[in-house]
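The residues making up each chain are set out below.
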Amino acid sequence: MFLARIEGTAVAAIKHPTLEGCRFLVAQRLEADGSAAAEPIVIVDWFGAARGSTVVVSTDGDIARARLGNTTPARMVVVGLVDQVQLRKGAAA
Amino acid sequence: MRLGIVRGHVTLNMAVDAFRGKTLVVLEPVTMENLRAGNGRGGGKSLVAIDALGAAEGQVVAFTEGREAANPFWPDAVPADAYCSLIIDSIDVTP
Chain V
0 MFLARIEGTA VAAIKHPTLE GCRFLVAQRL EADGSAAAEP IVIVDWFGAA RGSTVVVSTD
60 GDIARARLGN TTPARMVVVG LVDQVQLRKG AAA
Chain L
0 MRLGIVRGHV TLNMAVDAFR GKTLVVLEPV TMENLRAGNG RGGGKSLVAI DALGAAEGQV
60 VAFTEGREAA NPFWPDAVPA DAYCSLIIDS IDVTP
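Going down the list, the sequences are from chains V and L. Going by numbering that gives the first Met the number 0, the first sequence opens with residue 0, and the numbers climb by one from there. Going by numbering that gives the first Met the number 0, the second sequence opens with residue 0, and the numbers climb by one from there.
Among the clues, some could well be false.
Okay, the calculated bits of chain L under chain V, using three or more residues with CB under 8 Å as the criterion [as the list claims (entries may be wrong)]:
| hint | segment |
| --- | --- |
| 1 | 4-18 |
| 2 | 26-35 |
| 3 | 58-66 |
Pair by pair, the computed Cβ-Cβ distance ranges are [what the hints assert, rightly or not]:
| hint | chain 1 | residue 1 | chain 2 | residue 2 | range |
| --- | --- | --- | --- | --- | --- |
| 4 | V | LEU80 | L | LEU11 | 41 to 49 Å |
| 5 | L | ALA76 | V | LYS88 | 30 to 38 Å |
| 6 | L | SER45 | V | ARG50 | 24 to 32 Å |
Simulated from the structure, these hints should not be mistaken for laboratory data. Positions of the beta carbon are idealized from the N, C-alpha and C atoms, including for glycine.
Using the sequences provided together with the hints, build the complete structure.
Here it is in structure tokens:
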């Protein structure tokens, strides 16, 4: 799992049938120093995460399979909305 | 999933049986910088993915990587590690 910041939303009319009705967010993976990964990710969200908020993303497809069926290609799923991340200063370096 | 621009299609001469009838596309992953700029550029390291949605060259797809890329073929065993899950119509990342 990792931290990610929600940057926006993605809309797709043509998709794998198991993904019908899912909410797709565009996010950036965060490092401990607050920097973001170069490539954005598209994640499935059932929590209603807001733009600019930080979430925990799991890359385990089990949750998606349980909800969307065995044939779903969904993998990255929001598993929690972050209240606060406490990091010791300098620990990230 | 990551985002990738379809740059082309791959035709195989010989292949594992599980790939018979499947379409392979070459994807160029998109960086956040290029996504925000909307310049049609990718910037990531290219890869090959299975596409069952009919994505055309130039279109942006969201692709699943890893074990889950083979889920759509369950219970068949297909040695795929990238699969086009969405053809993106629009992305809104305005701050």
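Has the hinted range 41 to 49 Å been met by the Cβ atoms of LEU80 of chain V and LEU11 of chain L? For LEU80 of chain V and LEU11 of chain L the Cβ distance comes to about 44 Å; the hint holds.
Can you let me know if the beta-carbon spacing of ALA76 of chain L and LYS88 of chain V is within 30 to 38 Å? 49 Å, violated
For the segment 4-18 of chain L, count the residues whose Cβ lies under 8 Å from any Cβ of chain V; is that count three or more? violated (count 0)
Verdict on chain V covering the segment 26-35 of chain L, criterion of 3 CB contacts below 8 Å: holds (count 6)
Using the Cβ atoms, figure out if SER45 of chain L sits within 24 to 32 Å of ARG50 of chain V. Roughly 30 Å apart at Cβ, these two residues keep to the hinted range, so it holds.
Checking C-beta pairs, does the segment 58-66 of chain L have three or more residues closer than 8 Å to chain V? holds (count 5)
When the structure is compared with the earlier hints, violations turn up for hints 1, 5 and for no others.
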